[in-house]
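Throw the hints in and build the complete structure from the sequences for me.
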Amino acid sequence: MYVSDASIEELLSACPVLEDLQITRERWDNAVNIVIAQPSLKRLTFESYGDTSMQSSNRAGGRIKYKLLVKAPNVEYMKLVDFASDDMAVEHMPCVNEADINVNNLGEEVGWTNIQRRNYGKRICGILGSLCKVKHLSLGGETLKALRAASESRVLLFHNLVHLVLGFDYLHGPILLPGFLGLCPNLESLVFPDGMTCTCLDVGVENRGHVPYFWEPPEVVPGCLLHTLKSIEIESFCGEEPEELKLVKFLLENAMVLKEMTLVCHADCIDMYSFRDELMAYKRGSAACQVCILPEAGDE
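Counting in UniProt numbering, the sequence shown runs from 1 upward without gaps.
Keep in mind the hints are simulated off the structure, nothing from the lab. Warning: the hint list may mix true and false statements.
[What the hints assert, rightly or not] When the alpha-carbon atoms are kept at most 20 Å apart in a straight line, the in silico EDC-like pairs for lysine to aspartate or glutamate are as follows:
id, residue 1, residue 2
1, K133, E76
2, K79, E47
3, K135, E98
4, K65, D29
5, K283, E216
6, K230, E253
This is how it looks when you write it as C-alpha coordinates:
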(Lines of atoms letter the chains of each structure in order from A and count residues from 1; the text may use other names and numbers.)
(Lines give C-alpha, C1' and ligand atoms only; values in the text may rest on other atoms or scores of the structure.)
Protein backbone atom coordinates (compact mmCIF):
# COMPACT_ATOMS: atom_id res chain seq x y z
CA MET A 1 0.00 0.00 0.00
CA TYR A 2 1.54 3.30 -1.13
CA VAL A 3 1.19 6.57 0.75
CA SER A 4 0.62 8.46 -2.52
CA ASP A 5 1.37 8.46 -6.24
CA ALA A 6 4.79 9.91 -5.48
CA SER A 7 5.86 6.98 -3.29
CA ILE A 8 7.49 4.99 -6.09
CA GLU A 9 9.28 8.04 -7.50
CA GLU A 10 10.64 8.93 -4.07
CA LEU A 11 11.80 5.37 -3.47
CA LEU A 12 13.58 5.20 -6.83
CA SER A 13 15.23 8.57 -6.31
CA ALA A 14 16.94 7.06 -3.26
CA CYS A 15 18.31 4.14 -5.34
CA PRO A 16 20.65 5.79 -7.88
CA VAL A 17 22.32 2.55 -9.02
CA LEU A 18 19.25 0.28 -9.07
CA GLU A 19 19.40 -2.14 -12.02
CA ASP A 20 16.54 -4.59 -11.47
CA LEU A 21 13.01 -3.52 -10.51
CA GLN A 22 9.86 -5.60 -10.23
CA ILE A 23 6.48 -4.12 -9.32
CA THR A 24 3.43 -6.35 -9.00
CA ARG A 25 -0.03 -4.87 -8.40
CA GLU A 26 -2.67 -7.48 -7.67
CA ARG A 27 -5.19 -5.29 -5.86
CA TRP A 28 -5.92 -1.69 -4.84
CA ASP A 29 -2.72 -0.12 -3.49
CA ASN A 30 -3.61 3.62 -3.31
CA ALA A 31 -1.53 4.52 -6.41
CA VAL A 32 -3.26 5.93 -9.49
CA ASN A 33 -0.56 7.72 -11.49
CA ILE A 34 2.68 5.72 -11.48
CA VAL A 35 5.92 7.13 -12.87
CA ILE A 36 8.97 4.88 -13.18
CA ALA A 37 11.90 7.16 -13.98
CA GLN A 38 15.24 5.47 -13.41
CA PRO A 39 18.21 5.81 -15.82
CA SER A 40 20.18 3.03 -14.10
CA LEU A 41 17.58 0.29 -14.68
CA LYS A 42 18.63 -2.70 -16.80
CA ARG A 43 15.63 -4.98 -16.09
CA LEU A 44 12.07 -3.87 -15.46
CA THR A 45 9.02 -6.00 -14.66
CA PHE A 46 5.69 -4.24 -14.13
CA GLU A 47 2.57 -6.35 -13.58
CA SER A 48 -0.81 -4.81 -12.85
CA TYR A 49 -3.68 -7.27 -13.04
CA GLY A 50 -6.54 -4.91 -12.25
CA ASP A 51 -8.81 -7.05 -10.09
CA THR A 52 -12.22 -5.82 -8.92
CA SER A 53 -10.69 -3.85 -6.04
CA MET A 54 -8.97 -1.63 -8.64
CA GLN A 55 -12.25 -0.94 -10.46
CA SER A 56 -13.56 1.27 -7.65
CA SER A 57 -14.94 4.77 -8.12
CA ASN A 58 -13.47 8.11 -7.23
CA ARG A 59 -15.15 10.74 -5.09
CA ALA A 60 -16.97 12.16 -8.10
CA GLY A 61 -18.57 8.78 -8.77
CA GLY A 62 -16.60 7.93 -11.91
CA ARG A 63 -14.27 4.98 -12.44
CA ILE A 64 -10.69 5.68 -11.38
CA LYS A 65 -8.40 6.27 -14.37
CA TYR A 66 -4.99 4.69 -13.89
CA LYS A 67 -1.87 5.98 -15.62
CA LEU A 68 1.61 4.58 -16.15
CA LEU A 69 4.70 6.39 -17.44
CA VAL A 70 8.06 4.63 -17.89
CA LYS A 71 11.26 6.61 -18.43
CA ALA A 72 14.12 4.09 -18.32
CA PRO A 73 16.33 4.54 -21.40
CA ASN A 74 18.91 1.90 -20.46
CA VAL A 75 16.56 -1.03 -19.89
CA GLU A 76 17.68 -4.20 -21.66
CA TYR A 77 14.75 -6.41 -20.60
CA MET A 78 11.16 -5.32 -19.95
CA LYS A 79 8.07 -7.27 -19.00
CA LEU A 80 4.90 -5.21 -19.05
CA VAL A 81 1.60 -6.83 -18.04
CA ASP A 82 -1.07 -4.22 -17.44
CA PHE A 83 -4.82 -4.77 -17.43
CA ALA A 84 -5.65 -1.71 -15.35
CA SER A 85 -4.10 1.44 -16.84
CA ASP A 86 -6.20 3.65 -19.10
CA ASP A 87 -3.18 5.67 -20.19
CA MET A 88 0.28 4.17 -20.70
CA ALA A 89 3.46 5.59 -22.16
CA VAL A 90 6.98 4.22 -22.46
CA GLU A 91 9.71 6.57 -23.58
CA HIS A 92 12.32 5.41 -26.09
CA MET A 93 14.35 2.36 -25.00
CA PRO A 94 17.29 2.16 -27.42
CA CYS A 95 19.05 -0.58 -25.41
CA VAL A 96 16.18 -3.05 -25.06
CA ASN A 97 17.02 -6.56 -26.23
CA GLU A 98 14.03 -8.55 -24.95
CA ALA A 99 10.46 -7.52 -24.16
CA ASP A 100 7.30 -9.29 -23.03
CA ILE A 101 4.17 -7.18 -23.54
CA ASN A 102 0.63 -8.18 -22.59
CA VAL A 103 -1.64 -5.20 -22.05
CA ASN A 104 -5.30 -4.37 -22.42
CA ASN A 105 -7.68 -2.36 -20.29
CA LEU A 106 -10.57 -4.10 -18.59
CA GLY A 107 -12.60 -0.95 -19.22
CA GLU A 108 -12.84 -2.01 -22.85
CA GLU A 109 -15.18 -4.75 -21.71
CA VAL A 110 -17.49 -2.36 -19.89
CA GLY A 111 -18.51 0.24 -22.40
CA TRP A 112 -15.59 1.85 -24.19
CA THR A 113 -16.54 3.62 -27.41
CA ASN A 114 -14.78 2.86 -30.70
CA ILE A 115 -12.85 6.11 -30.38
CA GLN A 116 -11.65 5.15 -26.90
CA ARG A 117 -10.57 1.74 -28.16
CA ARG A 118 -8.76 3.33 -31.10
CA ASN A 119 -6.95 5.82 -28.89
CA TYR A 120 -5.94 3.07 -26.50
CA GLY A 121 -4.65 0.99 -29.41
CA LYS A 122 -2.58 3.96 -30.57
CA ARG A 123 -0.98 4.17 -27.14
CA ILE A 124 -0.04 0.48 -27.41
CA CYS A 125 1.51 1.24 -30.80
CA GLY A 126 3.47 3.99 -29.09
CA ILE A 127 4.82 1.52 -26.52
CA LEU A 128 5.90 -0.89 -29.25
CA GLY A 129 7.47 1.98 -31.14
CA SER A 130 9.69 2.69 -28.14
CA LEU A 131 10.99 -0.89 -28.45
CA CYS A 132 11.90 -0.70 -32.13
CA LYS A 133 15.41 -2.15 -31.58
CA VAL A 134 14.20 -5.22 -29.67
CA LYS A 135 15.55 -8.62 -30.76
CA HIS A 136 13.23 -10.95 -28.82
CA LEU A 137 9.58 -9.92 -28.47
CA SER A 138 6.56 -11.60 -26.90
CA LEU A 139 3.08 -10.16 -27.45
CA GLY A 140 0.09 -11.53 -25.53
CA GLY A 141 -3.27 -12.12 -27.13
CA GLU A 142 -4.79 -9.21 -25.22
CA THR A 143 -2.20 -6.90 -26.77
CA LEU A 144 -3.16 -8.03 -30.26
CA LYS A 145 -6.80 -7.49 -29.40
CA ALA A 146 -6.03 -3.89 -28.36
CA LEU A 147 -3.82 -3.27 -31.40
CA ARG A 148 -6.55 -4.25 -33.83
CA ALA A 149 -8.51 -1.14 -32.85
CA ALA A 150 -5.62 1.11 -33.89
CA SER A 151 -4.67 2.08 -37.41
CA GLU A 152 -1.05 3.02 -36.78
CA SER A 153 0.68 -0.36 -36.57
CA ARG A 154 1.96 0.21 -40.12
CA VAL A 155 4.32 2.93 -38.88
CA LEU A 156 6.21 0.39 -36.73
CA LEU A 157 9.27 -1.46 -37.98
CA PHE A 158 11.38 -3.99 -36.10
CA HIS A 159 14.61 -4.34 -38.08
CA ASN A 160 16.45 -6.17 -35.28
CA LEU A 161 13.69 -8.60 -34.31
CA VAL A 162 14.71 -12.24 -34.82
CA HIS A 163 12.43 -14.09 -32.35
CA LEU A 164 8.69 -13.40 -32.04
CA VAL A 165 6.18 -15.02 -29.68
CA LEU A 166 2.55 -14.21 -30.56
CA GLY A 167 -0.45 -14.91 -28.36
CA PHE A 168 -3.91 -15.57 -29.76
CA ASP A 169 -6.59 -12.93 -30.19
CA TYR A 170 -9.67 -15.03 -29.40
CA LEU A 171 -12.05 -12.50 -30.99
CA HIS A 172 -10.36 -12.01 -34.35
CA GLY A 173 -7.98 -14.91 -34.80
CA PRO A 174 -4.73 -14.26 -36.69
CA ILE A 175 -6.11 -11.32 -38.66
CA LEU A 176 -3.14 -9.14 -37.72
CA LEU A 177 -0.51 -11.80 -38.44
CA PRO A 178 0.42 -10.97 -42.07
CA GLY A 179 0.65 -7.25 -41.38
CA PHE A 180 2.69 -7.72 -38.23
CA LEU A 181 5.10 -10.12 -39.95
CA GLY A 182 5.59 -7.43 -42.56
CA LEU A 183 7.03 -5.22 -39.81
CA CYS A 184 9.74 -7.81 -39.02
CA PRO A 185 11.95 -8.08 -42.13
CA ASN A 186 14.67 -10.14 -40.42
CA LEU A 187 12.55 -12.51 -38.32
CA GLU A 188 14.02 -16.00 -37.92
CA SER A 189 11.82 -17.71 -35.30
CA LEU A 190 8.04 -17.56 -34.77
CA VAL A 191 6.16 -19.16 -31.86
CA PHE A 192 2.40 -19.40 -31.18
CA PRO A 193 2.21 -20.48 -27.49
CA ASP A 194 -1.60 -20.32 -27.39
CA GLY A 195 -2.16 -22.13 -30.65
CA MET A 196 -4.40 -20.80 -33.43
CA THR A 197 -7.83 -21.57 -32.06
CA CYS A 198 -9.68 -20.67 -28.90
CA THR A 199 -10.96 -23.96 -27.50
CA CYS A 200 -13.92 -23.94 -25.12
CA LEU A 201 -12.37 -26.35 -22.65
CA ASP A 202 -15.04 -26.06 -20.00
CA VAL A 203 -17.64 -27.94 -22.06
CA GLY A 204 -15.73 -31.21 -21.99
CA VAL A 205 -13.81 -33.11 -24.62
CA GLU A 206 -16.78 -34.70 -26.38
CA ASN A 207 -18.76 -31.48 -26.69
CA ARG A 208 -15.95 -28.97 -26.91
CA GLY A 209 -16.16 -26.20 -29.45
CA HIS A 210 -14.02 -23.47 -30.92
CA VAL A 211 -14.61 -19.75 -31.14
CA PRO A 212 -14.86 -19.33 -34.93
CA TYR A 213 -12.91 -16.85 -37.02
CA PHE A 214 -12.41 -16.44 -40.74
CA TRP A 215 -8.98 -15.83 -42.24
CA GLU A 216 -7.87 -15.31 -45.80
CA PRO A 217 -4.25 -15.39 -47.02
CA PRO A 218 -2.84 -11.93 -47.79
CA GLU A 219 -2.21 -10.84 -51.37
CA VAL A 220 1.36 -9.83 -50.49
CA VAL A 221 3.55 -12.36 -48.68
CA PRO A 222 5.55 -10.81 -45.79
CA GLY A 223 9.23 -10.46 -46.62
CA CYS A 224 10.45 -12.46 -43.62
CA LEU A 225 8.57 -15.53 -44.91
CA LEU A 226 10.35 -15.24 -48.23
CA HIS A 227 13.84 -14.57 -46.97
CA THR A 228 14.62 -15.14 -43.27
CA LEU A 229 12.09 -17.23 -41.27
CA LYS A 230 13.68 -20.58 -40.34
CA SER A 231 11.58 -21.95 -37.47
CA ILE A 232 7.86 -22.04 -36.59
CA GLU A 233 6.35 -23.62 -33.47
CA ILE A 234 2.60 -23.90 -32.89
CA GLU A 235 1.48 -25.14 -29.48
CA SER A 236 -2.05 -26.26 -28.52
CA PHE A 237 -2.60 -27.35 -32.11
CA CYS A 238 -6.05 -28.89 -32.73
CA GLY A 239 -5.98 -29.80 -36.42
CA GLU A 240 -9.77 -29.82 -36.55
CA GLU A 241 -10.55 -26.30 -37.69
CA PRO A 242 -10.37 -25.41 -41.42
CA GLU A 243 -9.01 -21.93 -40.69
CA GLU A 244 -6.25 -23.37 -38.54
CA LEU A 245 -5.13 -25.72 -41.30
CA LYS A 246 -5.45 -22.96 -43.88
CA LEU A 247 -3.04 -20.81 -41.92
CA VAL A 248 -0.53 -23.67 -41.54
CA LYS A 249 -0.77 -24.34 -45.26
CA PHE A 250 -0.06 -20.67 -46.03
CA LEU A 251 3.01 -20.66 -43.78
CA LEU A 252 4.40 -23.89 -45.25
CA GLU A 253 3.88 -22.80 -48.84
CA ASN A 254 5.37 -19.34 -48.47
CA ALA A 255 8.21 -19.77 -45.96
CA MET A 256 10.93 -20.24 -48.55
CA VAL A 257 13.87 -20.85 -46.18
CA LEU A 258 11.97 -22.62 -43.38
CA LYS A 259 13.92 -25.44 -41.75
CA GLU A 260 11.38 -26.75 -39.25
CA MET A 261 7.74 -26.48 -38.25
CA THR A 262 6.78 -28.04 -34.92
CA LEU A 263 3.13 -28.68 -34.06
CA VAL A 264 2.42 -29.54 -30.41
CA CYS A 265 -1.06 -31.06 -30.23
CA HIS A 266 -3.56 -29.81 -27.69
CA ALA A 267 -4.15 -32.05 -24.68
CA ASP A 268 -7.77 -32.57 -25.77
CA CYS A 269 -6.89 -33.49 -29.35
CA ILE A 270 -8.81 -36.73 -29.91
CA ASP A 271 -6.52 -38.10 -32.60
CA MET A 272 -3.33 -36.22 -33.39
CA TYR A 273 -2.88 -38.34 -36.52
CA SER A 274 -6.29 -37.66 -38.05
CA PHE A 275 -4.99 -34.60 -39.86
CA ARG A 276 -1.42 -35.84 -40.39
CA ASP A 277 -1.82 -37.09 -43.98
CA GLU A 278 -3.51 -33.90 -45.14
CA LEU A 279 -0.93 -31.70 -43.48
CA MET A 280 2.05 -33.69 -44.76
CA ALA A 281 0.69 -33.40 -48.30
CA TYR A 282 0.81 -29.59 -48.24
CA LYS A 283 3.25 -28.04 -50.68
CA ARG A 284 6.36 -26.64 -49.00
CA GLY A 285 8.18 -23.57 -50.20
CA SER A 286 11.36 -24.90 -48.63
CA ALA A 287 12.53 -28.34 -49.67
CA ALA A 288 14.61 -28.53 -46.48
CA CYS A 289 11.62 -28.01 -44.16
CA GLN A 290 10.86 -30.75 -41.64
CA VAL A 291 7.41 -30.97 -40.04
CA CYS A 292 7.22 -32.52 -36.58
CA ILE A 293 3.91 -33.36 -34.85
CA LEU A 294 4.18 -33.92 -31.10
CA PRO A 295 1.77 -34.66 -28.24
CA GLU A 296 1.51 -32.05 -25.51
CA ALA A 297 3.97 -32.57 -22.66
CA GLY A 298 2.60 -35.16 -20.27
CA ASP A 299 0.50 -36.94 -22.88
CA GLU A 300 1.30 -40.44 -24.04
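Results for each hint:
1. Distance check on the hinted pair: K133 and E76 sit about 10 Å apart at the alpha-carbon level, within 20 Å; holds.
2. Proposed proximity of K79 and E47 is supported: the alpha carbons are some 8 Å apart, at most 20 Å.
3. Between the alpha carbons of K135 and E98 the distance comes to roughly 6 Å, so the proposed pair stays at or under 20 Å and holds.
4. For the suggested pair K65 and D29, the alpha carbons sit about 14 Å apart, so the restraint of at most 20 Å is met.
5. Using a Cα cut-off of 20 Å, the hinted pair K283 and E216 holds, with the two alpha carbons roughly 18 Å apart.
6. A hinted pair counts as satisfied when its Cα atoms are at most 20 Å apart, and K230 with E253 qualifies at roughly 13 Å.
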